[in-house]
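Q: Each chain, letter by letter, is given below.
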Amino acid sequence: MTDTAVAVPGDAHDHAHDHAHPDYLAHHFDTPQQQFDAAKIGMWSFLVQEILFFSGVFVAYGVFRSWYPETFSAAAQQLNRPMGATNTVVLLFSSLTAALAVRSSALGKQKETTRWLILTIACAFIFLTVKYFEYAHKFEGGLLPGKYFHPHAAHLVAGSPVLPANSHVFFSIYFMATGIHGIHVLVGIGVFLWILKRNLRGDFKQYNAGVDMAALYWHLVDLVWIYLFPLLYLID
Amino acid sequence: MFLQPLIDAVEPVSSTVQMPAAMSEGAESIDWLFYGIYWFSVVFIVGITGAMLYFVWKYRRRPGVSAAPTKDHTGLELFWTILPLGMCVVMFHVSYKTYITNAIAAENSMEIRVRGQRWSWSFQYPNGESEPTQLWLPIGKPIRLIMSSSDVLHSFYVPAFRLKKDTVPGMYSQIAFTPNKLGDAQIYCAEYCGAGAAEGSGGHYSMLGQVKIVTAEEFEKHMKEISKMPDGMTPDKWGQELYVKNNCATCHSVDGSAGTGPTFKGVYGRKETLTTGQQVEVDDNYIRESILRPQAKIVKGFETGNMPPFVFTDEKIEALIAYLKTVK
Amino acid sequence: MATVATHQTGGHAHDPNELDYLAAKGFKSWALTLDHKRIGIMYLVAVLMSFALGGVLALLVRLELFTTGHTIMSAAQYNKVFTMHGVVMVFLFIIPSIPAAMGNIFLPIMLGTKDVAFPKLNLASFYIYCFGACFGLYALLHGGVDTGWTFYTPYSSKFSETPVIPMIFAAFVMGFSSILTGVNFIATVHKMRAPGLNWRRLPLFVWSMYATSIIQVLATPVLAITLFLLIFERAFGLGIFDPSMGGDPVLFQHFFWFYSHPAVYIMIVPGMGVVSELICTFSRRAPFGYMFIAMSSLGLALLGFLVWGHHLFVAGMSEYATMVFSGLTFLVGIPSGVKVFNWVTTLYKGSISLESPMLYGLGFIFLFTIGGLTGLFLAMLAVDVHLHDTYFVVAHFHYVMVGGTVIAFIGGLHYWWPKFTGKMYNERMAQVAFGLVFVGFNVTFLTQFVLGSRGMPRRYYDYLPEFQSLHQVSTMGSWLLGAGFLVMLVMFIQSLTSGKKAPRNPWGSAALEWQTPTPIPFHNFLEQPVITRGPYDYHLATEEELAHD
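Chains as they are written, first to last, in the working numbering: chain A, 1 to 236; chain B, 237 to 564; chain C, 565 to 1113.
What the hints contain is simulated information worked out from the structure, not anything from laboratory work.
The C-beta atom is built at its ideal place from N, Cα and C for all residues, glycine as well.
Keep in mind that the hints are not guaranteed to be accurate.
Cross-link-like lysine-lysine pairs, in silico, DSSO-like; alpha carbons within 30 Å at most [stated by the list, open to error]: (1) B:K417 / B:K333; (2) A:K197 / A:K131; (3) A:K147 / B:K536; (4) B:K533 / A:K147; (5) C:K592 / C:K1064; (6) A:K197 / C:K684; (7) A:K40 / C:K601; (8) B:K481 / B:K507; (9) A:K40 / C:K684; (10) C:K1065 / C:K589; (11) C:K684 / B:K536; (12) B:K457 / B:K473; (13) C:K684 / A:K205; (14) B:K307 / C:K913; (15) C:K684 / A:K109; (16) C:K601 / C:K987; (17) C:K1064 / C:K601; (18) B:K501 / B:K457; (19) C:K589 / C:K1064; (20) B:K533 / C:K1065; (21) B:K294 / C:K592; (22) C:K722 / A:K197; (23) C:K722 / A:K138; (24) A:K111 / A:K40; (25) B:K417 / B:K464; (26) C:K601 / C:K722; (27) C:K913 / B:K481; (28) C:K592 / A:K147; (29) B:K377 / B:K307; (30) C:K592 / C:K987; (31) C:K601 / C:K589.
Which chain B residues stay away from chain C? Per the calculated CB distances, all over 12 Å, these [stated by the list, open to error]: (32) F280; (33) F291; (34) T306; (35) Y361; (36) D387; (37) A426; (38) V480; (39) Y522; (40) N542.
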């Protein structure tokens, strides 16, 4: 990949040269390669800022866990490990299906791409459904963030350690982290639905940047969860 | 340190255009740094501006004369990267040494507790007595202030000492100094902390105080005075004085007008409804509890008042009760 | 060697919309435009309106401070006015100002290309800015916020009774506009340069846009998460920043300044880019130490991330942390110093003319140097303990933000005005306005250094009588400053309605944006330019390229 653009000289708006400008090539780019490279660098820049966005929550987690390690260990016992683990597997699998969608669209296989995209979206829905059940259980148990924290002994995990008085901090961070992550999953569903629509329309037969970029975003969403899961669920 | 003779020679003790009078030992070394960087900056500004204006005049556009092509000169670039870097290292070092020296409290420091609250300061001396707004200190004695806040961030600032530190709720911060001039020094709050909604009810700008640096004898005399009722005063008058000195009027009027807290007009014996719905009578016990633990029973409608606790001795509380009985 | 077609060639009949980007008329041609130049103009109008709003708030602040006690408003109102002044100026005006307005109009032209990498994203960024600004205006119309633009907890999360959440949400949304502009510019600079335009031939303005975009992408998301957490802290009592719930207010300060310190480099680096262009064009000379200036922009971008703790020297950090941050803060002053020395040396043996844009360029050097040096006072730990949260800090940051960025922004506006409007403005009026602004600014803010070192704290509604005369002088300075901007406003309006038609290259610059015709063609150039020299190579440029009649 070179830095300098390879330009096609001549008037940009001369329509006699249309055959050099396929449909998927935007008006301001000279070659499909340039457009794809720009999209890649743009998406990576965006992902870097996403990492920095999540970093705030991770820093808050780090600070409070270092101050109150026992609180964090005790409160984490209230999280449902099997559900968390299921979600981890589901997301990992969906990253695989997203990557396979990129591959099949690069090979121009529209029907196969459709299948992989649908699977990815289905996984995302499963993730959010599991999350819904997890949240519902927390609400039932009064394990809510901040000033709404009022645990009901009856709904706590049997045999779990007593929750220290400042456990609301753990749940504040838990809900912020998983909530922001969940919003990103929801956005991901929207993005993939749109990509699916475009795929059905035949947009990706020759140029699959859209699928590639969507998958890149999705891999980041998955990566964030890979860090969140052990830090929230697996500490003791 | 080789700089000491220079510090001794310079005498920024009395007030100048730029600095108020220095009234502590550390302040003088800080002033030396300030004037040092000040003159360094003046020389620099004059130099840069002078060069700029000179070049603009000397190389003004004239017909037939073109600009000479730019020739780079890495040596010059490195010179004015490395030399300023060296100067910065010196400035950093000198400043850090002064800062650390000032930050460390002497072994035999007198510890005084400072509490900031919206919008006044209160000070608690080693004898356990507390006093609002005025901080009395004996000259020449190393002092350590241990500070906190009851509500939001404040910042305890005494320009005459060139010292300031934020007071943070939930945490203690400290500063150390030795006052070395007799007289009064201004205290400010230097961290924005809001203001009362009603006109004249105070705010960040009104959170002032005075440090009163006095002789050791006067200090001892004052310590005795603040712990008891002044001679010739009746409890209710002392209570009124405490009401004024502790800025209670910021939130509690005596004429019936509405404020951040319930009015004191007719408060003694009044029946109030609490936020819990419970009814209470404002008697001696309720008044005492509301002073020491104001968040325990809050009158309905004043949920956002956020009254801070006041650490008062029993004598002071009884004087206040006596005063409140007279407010009709 | 002509590298750019300045007139139409060939036998095609060009559609008039192609020859002048302003030809197409109508609401939709603006609201749905994908043309970076039109998007830049919409941003320009928005930031100028924001500047006017912020300026009026400033005049109100200074008017209140003319006398002790109540002058025109209560303390509660004053707290809202100074907060809104800060919020409007920082988030609605200065952060977008040079990048979103001038960067959008001129970055693609300077790169010899047709548009930015993602034109639709560009338009979306503008609408995101507007959407965010709406929440800010909502907060303003509901009385305004009184927390200070820094939103320190627990005052902002628990005590303030003003519309804090809509205001913070506004800043949160507008942050995304800033991020997406940064993403767009990074991709554009990397992938859309004209043939022959290698990194060593980039204009210094482009280097500054690139460095700023890096900061925007890396720093702004941290503000976003900080504000997001603050919203939930206030709404749900999360307890992260509230000590009564086990949280830490100093943690908020760390989070907030981790963005807001790099943010000040988002504000100043574009200004420095503009000044580089002005100094070179009006000295007719290539910059001294081009690579050093370019690299110093990147240096500021990197070092700017390491110094946020200097806002917390008296907040309750450990002594060790204060030492580290003080040392790093000194380091961050060095790249700025290098630029100032290089600009002054560029004047040496130049051919200098003092048209109004150059007055702003030179004014910047003087004012920014003062601002930068007073930063050294604040980097020195022992001195900062005295000066922190006093008027000294207020004066320092106004010298760098107004004396720096605003002066550069106005200078750039004068400089590029003939290019993107096709009209000239009245030079005499411009000089009068500059004089009023320059004198007014110094009178307003020089006095504040003295107020600060004498102990006057910031954000004070009322003050001790000893400070009154200095405050009155400062307020009178603000009237001069305001008058200067009014003269400028009238001058620019007159230019638009009845200004002389601008030649292609009124300043005789060798830079690429001056080689394309005025009015600017829709696609920026009539033919794809091929670059064979740098933008400052006056000795390689032809007479025709430099012709300015």
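Q: Now tell me if each hint is right for this structure.
A: Hints and how they fare:
1. B:K417 / B:K333: Answer holds: K417 of chain B to K333 of chain B is near 24 Å, not above 30 Å.
2. A:K197 / A:K131: holds (26 Å)
3. A:K147 / B:K536: Given pair K147 of chain A, K536 of chain B holds - Cα atoms ~20 Å apart, limit 30 Å.
4. B:K533 / A:K147: holds (19 Å)
5. C:K592 / C:K1064: holds (28 Å)
6. A:K197 / C:K684: Status holds; Cα separation ~20 Å.
7. A:K40 / C:K601: holds (24 Å)
8. B:K481 / B:K507: With Cα atoms ~27 Å apart, K481 of chain B and K507 of chain B stay inside 30 Å; holds.
9. A:K40 / C:K684: holds (16 Å)
10. C:K1065 / C:K589: Judged against 30 Å, a Cα distance of about 20 Å means the pair holds.
11. C:K684 / B:K536: violated (54 Å)
12. B:K457 / B:K473: Cα-Cα ~22 Å, so holds.
13. C:K684 / A:K205: Status holds; Cα separation ~23 Å.
14. B:K307 / C:K913: holds (11 Å)
15. C:K684 / A:K109: Since the Cα atoms of K684 of chain C and K109 of chain A sit roughly 28 Å apart, the hinted pair holds (cutoff 30 Å).
16. C:K601 / C:K987: holds (16 Å)
17. C:K1064 / C:K601: Measuring from Cα to Cα gives roughly 21 Å; hence the hint holds.
18. B:K501 / B:K457: violated (35 Å)
19. C:K589 / C:K1064: holds (22 Å)
20. B:K533 / C:K1065: Violated, at about 75 Å.
21. B:K294 / C:K592: The hint is violated at about 52 Å.
22. C:K722 / A:K197: violated (46 Å)
23. C:K722 / A:K138: holds (26 Å)
24. A:K111 / A:K40: Within the cut-off at roughly 25 Å; holds.
25. B:K417 / B:K464: holds (28 Å)
26. C:K601 / C:K722: Distance ~44 Å between K601 of chain C and K722 of chain C Cα, so the pair is violated.
27. C:K913 / B:K481: violated (69 Å)
28. C:K592 / A:K147: violated (49 Å)
29. B:K377 / B:K307: violated (63 Å)
30. C:K592 / C:K987: Within the cut-off at roughly 24 Å; holds.
31. C:K601 / C:K589: The given pair, whose Cα atoms are some 14 Å apart, holds under the 30 Å limit.
32. F280: F280 of chain B is in fact no farther than 12 Å from some Cβ atom of chain C, at 6 Å.
33. F291: For F291 of chain B, whose nearest Cβ neighbour in chain C is about 4 Å away, the distance does not exceed 12 Å, so it is violated.
34. T306: Answer for T306 of chain B: violated, closest chain C Cβ roughly 4 Å.
35. Y361: holds (23 Å)
36. D387: Contrary to the label, D387 of chain B does not stay out of reach of chain C, its closest Cβ about 7 Å off (not over 12 Å).
37. A426: It is violated; A426 of chain B is separated from chain C by about 4 Å at its closest Cβ, not greater than 12 Å.
38. V480: Check passes; 19 Å lies beyond 12 Å.
39. Y522: holds (23 Å)
40. N542: violated (7 Å)
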